[in-house]
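Residue numbers (my numbering), protein chains in the order written: chain A, 70 to 589; chain B, 198 to 275.
To be clear, the hints were calculated from the coordinates, so they are not data collected in a lab.
Take these hints with a grain of salt, some might be off.
[As the list claims (entries may be wrong)] In silico EDC-like pairs for lysine to aspartate or glutamate, Cα to Cα no more than 16 Å straight-line:
# : chain 1 : residue 1 : chain 2 : residue 2
1 : A       : Lys181    : B       : Glu207
2 : A       : Lys181    : B       : Glu214
3 : A       : Lys561    : B       : Glu265
4 : A       : Lys393    : A       : Glu374
5 : A       : Lys162    : A       : Glu189
6 : B       : Lys238    : A       : Glu374
7 : B       : Lys204    : B       : Glu265
8 : A       : Lys547    : B       : Asp224
9 : A       : Lys181    : B       : Asp224
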Amino acid sequence: MIYNLVQIVENSAKEFPEKVAFRFLNESITFEDLNIKSSQLAACLLSRDVKKGDRVGILMHRCLETCIAIYGILKSGAAYVPIDPFLPSERVKFLINDCGIKHVVTTNKQSKKIKKVVSEEENLETIIGLSETQNIETISWEEVFVKPLQEYKPVNILADDLSYILYTSGSTGTPKGIMHTHASGLAFAKLVVDLYAFKHTDIVANSAPLHFDVSILGYCSAPLAGATTVIVSDAHLKFPVSLADLVEKEKVTIWYSVPLLLIELLHKGGIQNKDYTCMRWVLFAGEVFATKQLRALMELWPHAEYSNIYGPTELNQCTYYNLKVPPITDEPIPIGTTWENTEYMILDENDNSVNDGDEGLLVVRSATMMKGYWNNMALTEASLYKHKIAPGFEHVYYRTGDLVKLNENNELLFLGRKDNQIKLRGFRIEIGEVENTLLKFDGVTEAAVIVANFQEEKELIATVLIDEKLEILESDLKTHCKNNLPVYAVPKDILIFESFPRTSSGKINRKEIEKIIKAL
Amino acid sequence: MEQTIIKHIEEELASEEIDGGLEATDDLLGGGILDSLGMMKLITFIEETFNIEVAPEDMVIENFMTVENICEYISSKG
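Looking at chain A on its own, in the form it has when it is part of the complex:
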């Protein structure tokens, strides 16, 4: 019986020892090698006194070592916490402190970033994966890979143990850590393998960074089926022509990404003249795929099946809508129905179920649901809807905060957000967090951040009011944002206004600001 994520690699190493588990550019690793190397990393962490429930950071770009880091940390009994290398140092430090991280697994490419973090962060004890020594204990990958395993004792990992914590933006201005267990991660991995009938002959492309939940499919579902995961390099994601070549060369059979990447492939990748007949599933999630664009892609790759996947990180994934033929109209496609081991309700503001076909807020109960938010019980409580069944027994649902309704075919339609959370290029951004960051700058008195539509592109634009006695430049504010926010949440432009348009109740009139910006 398989009940934890570690068994994924252990089992595939037995069944497909010589098969390539992960490939990155010209490097690859077999299941057997991955099993050994991840045990060596686990042994290394255990010798540093890592205990079950500890958190170990992964600060890496997409590279081959990511899979060793994930499974090595899991085998040690700890939970892995991805740290986006693009995060500003302030944010990295917050994350390390918030999560109580003492050990970070990295690669030589991150040495500059690591140096900076180590010099300012006293709680770190060990850096694994660096060749040059730092002020604290540093262990290179070469040293990890010669670690003898005779005395290595595998940790007894239960389904309910913590497996990973993914940080996403929080509305108060501080990120929140979403905790998943081995059970919730494995439930997701299994449901994917089942729903899309993953085979050991599949080639799965992973373009997502580790801190993005989309990555769990490539790192857990694919190895569960004994399939090969191709880790797409950061460089390829910046050049659609190179990416298109890679997908053709690797003969990818299953693709999963945000719609944006597929749209770039479609328009800039020159995919019209290449061979993608191996592609059998195109999965996308993270934001709405404009139906027009989806149809264009489906006409180019008619042999593949398509699946619109929905689910906040708190739930991994929970609904899907599969398509074999292109949609006829330009109406947005549904997010579909919940998958197995999952149920939902649509509630009004008073937590009563709405009538079929009426708008309401989606709450979901699923085996793939998170354990809660790290170190934030109040937030966890507020995010849950508890449906009482009997005294002492209740069903716990996660409040997605997404507005939905059912169509005539009983499929869910996504209508928007209840709050100020937005999706930009697939990234979840809390408008409140960006505004609060700007307000922390000395002299900024008010801030309003809006999403402006420029032709097909959405951009984040900030407008602020400042204390006129101070000389504040728009570029100062931009630097401040860059130093405190993830790069995708940094507004494209920051404009200093003399006053804001207001509603009759005195609130900032964001719709008017949008009009002003459009007119500029």
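Go by the hints and put chain B onto chain A.
Here is chain B on its own, set in the frame of chain A:
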């Protein structure tokens, strides 16, 4: 040419201050110096500053991996 590009990346495009400055041989794409948006901006800057047009088929990793690669590419267009 090299210095113009380095200066522009350091001052305008880098996601954060680059410790010890940027070198012509530094990996711009895999090392976390530029994100996708930054790369698009860099291409626009190169087109405007050096008065060339980067054709879609030229937008490949080999031409933009490092500042050195970029300079070689621009020279090949001249």
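Verification of the supplied hints:
1. Annotation: proposed proximity of lysine 181/A to glutamate 207/B holds, straight-line Cα distance about 15 Å (limit 16 Å).
2. For the hint pairing lysine 181/A with glutamate 214/B, the CA-to-CA distance comes to about 11 Å; that is within 16 Å, so the pair holds.
3. For a cut-off of 16 Å, the pair hint linking lysine 561/A to glutamate 265/B is broken: about 28 Å separates their Cα positions.
4. Between lysine 393/A and glutamate 374/A the alpha-carbon distance is near 5 Å, which keeps this suggested pair within the 16 Å criterion.
5. For a cut-off of 16 Å, the pair hint linking lysine 162/A to glutamate 189/A stands: about 8 Å separates their Cα positions.
6. The suggested pairing of lysine 238/B with glutamate 374/A is violated, with an alpha-carbon distance near 35 Å, which exceeds 16 Å.
7. At roughly 14 Å between alpha-carbon atoms, lysine 204/B and glutamate 265/B fall within 16 Å of each other, so this suggested pair holds.
8. About 25 Å separates the Cα atoms of lysine 547/A and aspartate 224/B, which puts this hinted pair outside 16 Å; it is violated.
9. Pair hint lysine 181/A plus aspartate 224/B holds up; C-alpha atoms about 13 Å apart against a cutoff of 16 Å.
Against the hints set out earlier in the document, violations occur for numbers 3, 6 and 8.
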